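Colleague: Take the given structure of chain C and dock chain A to it, following the hints.
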Amino acid sequence: MLELRNITKRFGDVLANDRVSFKVVPGTIHAIVGENGAGKSTAMRIAYGFYTPDGGEILINDQVRAIRTPHDAIALGVGMVHQHFMLVEPMTVAENIVLGAEPGSAASLDLRQAADEIRKLSDEFKLSVDPKAIIETLSVGQQQRVELLKALYRHAQLLILDEPTAVLTPQEVDEFFAILRRMREQGKTIVIITHKLSEVLAISDNVTVMRDGRVVGDLKTAATNAAELARLMVGREVLLRVEKPDAKAGASVLGVRDLSIVSRDGTKRVDGVSLEVRAGEIVGIAGVEGNGQTELIEALAGLIPSSHVSGEITFGGRDITRLDARKRKELGIAHVPEDRHRRGLLLDFSLAENTILGIHYRKPAVSGNGILLDERGIRQRAEQVIRDFDVRPPNPMLPARSLSGGNQQKLIIGREFELPPKLLLVSQPTRGVDIGAIEFIHRKIVAMRDGGCAVLLVSAELEEVTALADRLLVVHNGQIVGEVDPKVATSEDIGLMMTGGKRS
Amino acid sequence: MHFDLRVRKISDQNQRPKTKDPGSKIVMKLLREILFPLIAVIAAFIVGGIIVLIIGDSPIQTYRLLIGSAFSWPDGIGYTLFYATPLIFTGLAVAVAFRCGLLNIGAEGQLYIGAFATAWVGIKLAGTSAWILLPLCCLVAIVGGAIWGGIPGLLKARFGSHEVINTIMLNFIAVALVSYFTQYHYKVPGDPILQTTTIGPTAHIARLGKFIPGLPERIPLNVAFILAIIACAFVYVLLWKTKWGYEIRATGANPSAAEYGGISIRKQIILAMAISGGLAGMVGINEVLGYRYRYYDGFSANYGFVGIAVALLGRNHPVGVFLAAILFAILLRGGIFVDAYTVHVSKDIVDMLQGIVIVFVAAEAAFRGPIKKFGLMRRAKV
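Those protein sequence lines, which keep their order, are chains C and A.
In this text, residue positions in the first sequence follow the numbering used here: the first is 2, and each later residue adds one.
In this text, residue positions in the second sequence follow the numbering used here: the first is 130, and each later residue adds one.
If you're looking for bench data, these hints aren't it; they were derived computationally from the structure.
In this text, all values refer to a predicted model and were calculated from it rather than measured experimentally.
Ideal Cβ placement from N, Cα and C applies to all residues, glycine included.
Heads up, some of the hints might be wrong.
Here are some, though not all, of the chain A residues that point toward chain C, as calculated from beta-carbon distances under 10 Å [unchecked claim]: (1) H314; (2) G374; (3) E376.
Only pairs whose alpha carbons sit at most 30 Å apart, straight line, appear in this in silico DSSO-like list of lysine-lysine [as the list claims (entries may be wrong)]: (4) K396/A with K423/C; (5) K370/A with K364/C; (6) K197/C with K245/C; (7) K121/C with K245/C; (8) K269/C with K396/A; (9) K370/A with K328/C; (10) K364/C with K445/C; (11) K127/C with K197/C; (12) K328/C with K197/C; (13) K328/C with K445/C; (14) K488/C with K423/C; (15) K370/A with K396/A; (16) K396/A with K364/C; (17) K445/C with K423/C; (18) K372/A with K328/C; (19) K133/C with K121/C; (20) K423/C with K249/C; (21) K245/C with K488/C; (22) K316/A with K328/C; (23) K423/C with K253/A; (24) K249/C with K445/C; (25) K221/C with K24/C; (26) K253/A with K316/A; (27) K221/C with K197/C; (28) K158/A with K372/A; (29) K364/C with K423/C; (30) K364/C with K372/A.
If we strip away everything but chain A, and leave its shape as in the complex, we get:
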């Protein structure tokens, strides 16, 4: 009996030497994934600091304003998470498309369509029970964005026209379209601001201040943030735990092999773009149902485009996207304080830092390449 056990143990070890310590393996992998984006961010801050110094302010004071102001309670944290919410949605949107090998530059247009659509339903069906109206409004935001994202997907699948061109073009169309409807059909007569009438109160979603003691309800952080976290989980499960995600990722990784595996590439392109657009459209939930309770024309602070940077820095992974969105939100909010309290530096430093981060993330390929190549040679050609 004793002998038996020993034999068993040895053969087990032979068969899978890997499973010795799965915990540390995962930690190592995580570290590796986080390390390069982290280096990019730190490098960007160093370069940014030098520029601040040249302009004539103290980098330390500037960074204290920029970052420190995000951690105060409740305003700092509340506003930072509120700013992060749309970026999580758009970051996820870009990431899902990217995993299918597509570059969705159109999150901006998709989120406008989603936001306007949800406001429209909120206005038209005002007075309907919240049990019906709320889910409906959320759904309409998603479907609106999904349609707007699905169009370039369809065009690519059907005619092979490039999604980058089409999503950019659809951005212009979306912005103009919703402006037109706001201006000529849904504006309060005489209102100098380009915004629609308000949505029915049953379409409002609760601010988190209602549930969290110490967080005042004037801070617009709302349930959409919870939806954003759920969206992260949804994207993770979709991409890595379902057969559909397998098909999307396979198409992105190698379309020829996906085709060989019986996967319809056209279907995946349309599907991924629609999911991407739907995620972008969810920005409307935060903006319209949780914050302004109306559609306000031109509300997006380039969320769709910043989403590209968020996805890039977050390595197209939901966890990375979440972290990157928080970082960019910190910068967005901190920028206001930098503007107010420093002598020379303006809040443009935020754009500058974003730009430098992107440059460094992109340049990562340059210094990651040789390292990876060396690793590969080690394995393959010894």
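Next comes chain C alone, as it looks inside the complex:
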């Protein structure tokens, strides 16, 4: 179906693709894996006509084709779904799908016929998308299916999906994979770009591994395993399991009693939660996203106005329910927020400026008079965080925006871990982060625990919480529905509790 031969692409002095060659067999699901920056997106953007290669050729159905623009690619039956959706929110599904290929004459738009066709496609692949629905009322999973329909409507035979699961909940991922399998049955060919190994193993037939702009492996999925893929991706042996000694839990650090949180629209997000985190232990919170974890962590960090919060939060025995975020940070509560772009970073600020967010008003960020910023102090702190947490490129003057997701995350984690804290609130620490960095972040979290820090960890990745946590709380609908020992509980057990079913 699609073949790349010796594709080479250079951006300035960076060699993004170095003689990349691989072949996608028709009617299969082909995974392309690699760390962020390995060149997988570049290769597929070249195939889709987004970039023109500096060298090499693209073959579609065994014929060399010149794909200069996405238009050429679409005409040849190649469709692409981007990581960030390109949908017009206030418009309907049908209007979005026909956008750019409007049926009817120049003066009139024949949406009815298009809607029929969309419904037919939706039924054929069991996408259950209503052409008349308004985009902004749809869930993220549904919006993604609209993107798929967009490509199918343009008669795509080959679909390129760029990190399609990054935005989905575990349930949505399962549904999504079922759709992909149906598409394969109907004869479509799918290329999926990802860096999640579990997904590669779950869905693909073949897998191409890329590292540093080169293809380093071309494998049958059935004949490989996660460890081998990880080694190829990173270029060295990677520990997929977190190694940690048993926790030596000390005194109680965080106490939460009967905490309830009401959101701005009046709905109860957290409902009577009580928990305790002791020094030197990691307490994990597992649950389907949107079951109150976000609000719980934000309330503990002091980011939810106290008028919305009832119950009691104590820190080292002291009532902190009414303290603001700054006071809590001063007491030693660090917070790695779930959304690094919204909460965690000032993207247009330099790395140095980002490493003082939250401590910008005290030493070492300000000089002796307490007003002027201390550029030397800030630079030293930035260099320390960058060094200790291996942030790359190690230039404190770069804007945070220019870093990859993994490095942005390491910057935030470094900033918070070096406060240094007594309590660590960590939310989705490895979301959108590549394997090498995940391993690094996990080791740092365990090291904090071993150093006597209390850690409360929320993650949508069940594997991650079970691997890291010493005790695991399962939440559903704003309530804690149970506590399990992560060493003995199976993911089926936990999964059942997460969806509201009781453990048998």
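Modeller: Quick look at chain A alone, frame taken from chain C:
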């Protein structure tokens, strides 16, 4: 020993490859910052020239009048800097608010309040020693503007009402309020002009002609221009060198992240609007204490609104604001000559050029976007 040094050197290079040539880096950055506004200005002049040609005058002659008249000594330069002074203040005002993510459309109202307040003190306390009265008058101009700017800040912080609407509304109120006071309470009886009585001579600030040989004192360029330069420096230090500036900029860059960093967004909004208003109020120092020595109703040639354009063209940076204010002042003064010496073109060409500059600066996003995006993709997704 020799070996030791070499190792040291190599590791140094590894750790910070950036600091190789900081000088050229800064120059490059400056060029990049100046390049786009410069293109906008040049493009505006080209489009303006075509329009002048269509109207039936020579673009070259028109531009020679428009720009050339600003560089004569002493009148050209003196008047240009005098015209630039209020624009520096209002440009800074808009820039400070913008850095906090706020659009202050109310500099016009704030400067009226500041000007009237300083005149009022100058009238009421006439005869007081200059050592007391002068600083007091300056302070009152700043505080007056700061209060008028702080009100919409407070409304936004407290009730979430939008600062654009409130600043516009407060402009009307300010203009009407000071007109009323001028008309009914502080006018010289029988004076056909709507202006107050004069302020005490101890409240006058010196014209620069007093200090600069060759610059006659009839040119109203005064110490307020020096204050404007100091204000530029003040804004720069405030925004980039103090913890308060960090908080203001963080709030403007990403309020959610600022909140996460323990910064009170409400406090920053009120603070930034008050500082913004205070800067706008300083226009009153130039106008009342340095030029007319009284409050003259309706004196502002839309300084508050032109300030928005100045800030936009100056990229909300004090250095940019200063340069943009000079440019707009050149146009303001040149417009008078264009009016007098060309056949068809009137001084409205100034408004037109300002408009086109703004359009091009705004459109900059359109052609800067793809360039930036490409740069980002280069870095992030290789």
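Colleague: Need the status of pair K423/C, K249/C: alpha-carbon distance at most 30 Å?
Modeller: Status holds; Cα separation ~15 Å.
Colleague: Against the 30 Å threshold, does the CA-CA distance of K121/C and K245/C hold or violate the hint?
Modeller: Not OK: K121/C and K245/C at ~53 Å, beyond 30 Å, violated.
Colleague: Would you check the hint for K328/C and K197/C, treating anything up to 30 Å between C-alpha atoms as holding?
Modeller: 38 Å, violated
Colleague: Can you confirm whether the C-alpha distance between K253/A and K316/A stays at or below 30 Å?
Modeller: 13 Å, holds
Colleague: For K221/C and K197/C, compute the direct alpha-carbon distance and say whether it is at most 30 Å.
Modeller: The given pair, whose Cα atoms are some 17 Å apart, holds under the 30 Å limit.
Colleague: Take a quick look at whether K328/C and K445/C sit within 30 Å of each other, Cα to Cα.
Modeller: 25 Å, holds
Colleague: Checking one constraint from the list: CA of K364/C to CA of K423/C, max 30 Å. Satisfied?
Modeller: Holds - the C-alpha atoms of K423/C and K364/C are around 19 Å apart, at most 30 Å.
Colleague: Next pair to validate is K269/C with K396/A; report whether the Cα-Cα distance is within 30 Å.
Modeller: 29 Å, holds
Colleague: Between K221/C and K24/C, does the CA-CA distance stay at or below 30 Å?
Modeller: 12 Å, holds
Colleague: Quick one, are K364/C and K372/A close enough, alpha carbons at most 30 Å?
Modeller: OK: K364/C and K372/A at ~11 Å, within 30 Å.
Colleague: Keeping to a limit of 30 Å between CA atoms, is the pair of K370/A and K364/C held or broken?
Modeller: With Cα atoms ~14 Å apart, K370/A and K364/C stay inside 30 Å; holds.
Colleague: Next pair to validate is K245/C with K488/C; report whether the Cα-Cα distance is within 30 Å.
Modeller: 12 Å, holds
Violated hints, listed in ascending order, are 1, 7, 12, 22 and 23; each of the other numbered hints is respected by the structure.
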